[in-house]
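S.K.: Fit chain B to the given chain A structure using the hints.
One-letter residues, chain by chain:
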Amino acid sequence: MNKNYLLLLALFSFESHAQSVDFNQLYQTWSGEKATVSSAAKGKELWGYELIPGKSCSTCHGDNLSQTGSHVKTNKLIKPLSPKANSKRLTKVRKINKWLKRNCKFTYKRECTPEEKVSFIEFIRNN
Amino acid sequence: MLRKYISVVLFFVVSFFALQSQSDSSLWRYFGGESKGVAVVQNDLYQEECGACHFAFQPGLLPARSWNRLMSRSELTDHFGEDIAFDDQVVFNDLLKYLTVNAADQSSYKRSRKITRSLGANDAPLRVTDTPYIIRKHREIPNRLIVQKEVGSIANCEACHKSADKGSFDDDNVRIPNSGFFKSWDDD
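First to last, the sequence lines map onto chains A and B.
Residue numbers are given in our numbering: position 2 of the first sequence equals residue 2, and the series is strictly consecutive.
Residue numbers are given in our numbering: position 102 of the second sequence equals residue 1102, and the series is strictly consecutive.
No lab work stands behind these hints, which were simulated from the structure alone.
Mixed in with the good hints, there may be bad ones.
Unchecked claim - Restraint ranges, calculated between C-beta atoms of paired labels, are given here:
1) B:E1048 to A:T29: 18 to 28 Å
2) B:R1127 to A:F23: 31 to 41 Å
3) B:V1013 to A:T68: 52 to 62 Å
4) B:D1087 to A:T113: 13 to 23 Å
5) B:R1127 to A:T68: 21 to 31 Å
6) B:G1081 to A:I78: 50 to 60 Å
Glycine is no exception: its CB is placed at the ideal position from the N, C-alpha and C atoms.
Bound conformation, chain B alone:
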């Protein structure tokens, strides 16, 4: 009887640690409270100020040190070639706060954690597509599918990730234009 009791307890203890080590498994996520994807943008100011010109990259796609760098004076006056310096200090402060408080290294969301984990402690890339995790996830995509006019650049998340605005970057929601979906990229 006692032996049976011990083996049942042992079974649960072993399962617990096994699940924990596989912390990306859905069961652990269910019990551990980790969410999939990245946190959705729920900030009208950010949507208006940044999302007017490009996809409103979720703050959880870069660590706070990256957002701090992007929002520095020298970067804002040369934002990938454009001068977008803010005249309104209140707007600037609110945006910086929103970005850093919700940054990848502050988030418990799966993709945010993976991006953070892939970076060195002092790495502060300016582009989501310069983070090792994102590079690794996209390395098999041939260049022709990225430069085609329906996509344009690797930074155009929404062109292929149809649920990007919902913070979901799951393979199930990927549709690459003119690729016949996911079939053999290395045809040519």
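So here's chain A without its partners, still in its complex pose:
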């Protein structure tokens, strides 16, 4: 009886730490987009790309995702984007969608395409 209880507790604690975002499912919601083997590399390439001069992902988040960034306009410090450095990153679908929309508009003055979004998330996941 006691053993069963412990097992349940162990399972439960495992569950609460499990990754809560199913990325393939998330990408599906973006016009049925799929991650490919080159998505992360594509994301890395886009990271420093300035569609509008002086504005790229890297402008605020930096090139090393494990380090703190700084907002180009306000100087506000931005916590590391890498899930390895900051365990809260990429754990909520609502937040991922919110920030992709807001930051693409900030950086590109338009929303990102599903392909761009997958590339960015795959790059962040793997760095």
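M.R.: The following block gives chain B in isolation, referenced to the frame of chain A:
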């Protein structure tokens, strides 16, 4: 005896009104229940939604009519150049309520009251730094100390006000980068 009694009472009555007229003195504040600075932000949603990109300006730094204007559709789609319109209506409603309920004109905090008093009844500035009180308090600071990279803009409260997040904007907690603290700004 009676005369002595009257003069003691008179002394307290006069002191009372003298203190009241000097309502910013610490003694009156102590008895009158007024708090210094502005009320601290104690709202995780506001901290997350607004404080992620810039200093989470305390609601008590602008009157409710300013917050209403800032949260209008036309302002949110062009928030100082950025489109930050909210998709989530619940989030929007909660934020607007928090901002307006705790606005400067609803607050008894010292700085909030001073900001409110400096504004005309219908003035609704979009920037804290456009309120006459804040302009007056910063007018002696030379531009070079504001545009330098450690500060960037007059809106970056925390760059100099080291206790800004605690709602304290006291001179004692001001450190202007590269100014040698407070000494002679008008050197050049």
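S.K.: Is the hinted range of 21 to 31 Å satisfied by the C-beta distance from B:R1127 to A:T68?
M.R.: This hint holds: roughly 27 Å between Cβ atoms.
S.K.: If I claimed the Cβ atoms of B:D1087 and A:T113 lie 13 to 23 Å apart, would that claim hold in this structure?
M.R.: holds, 18 Å
S.K.: Range first: 18 to 28 Å. Now tell me if the beta carbons of B:E1048 and A:T29 are that far apart.
M.R.: holds, 23 Å
S.K.: Per the hint of 50 to 60 Å, is the separation of the Cβ atoms of B:G1081 and A:I78 within bounds?
M.R.: Violated, at about 18 Å.
S.K.: That 31 to 41 Å hint for B:R1127 and A:F23 (C-beta), does it hold up?
M.R.: holds, 40 Å
S.K.: B:V1013 and A:T68, beta-carbon distance inside 52 to 62 Å?
M.R.: Given range 52 to 62 Å: holds, Cβ gap about 58 Å.
Violated hints amount to a single one, hint 6; each of the other numbered hints is respected by the structure.
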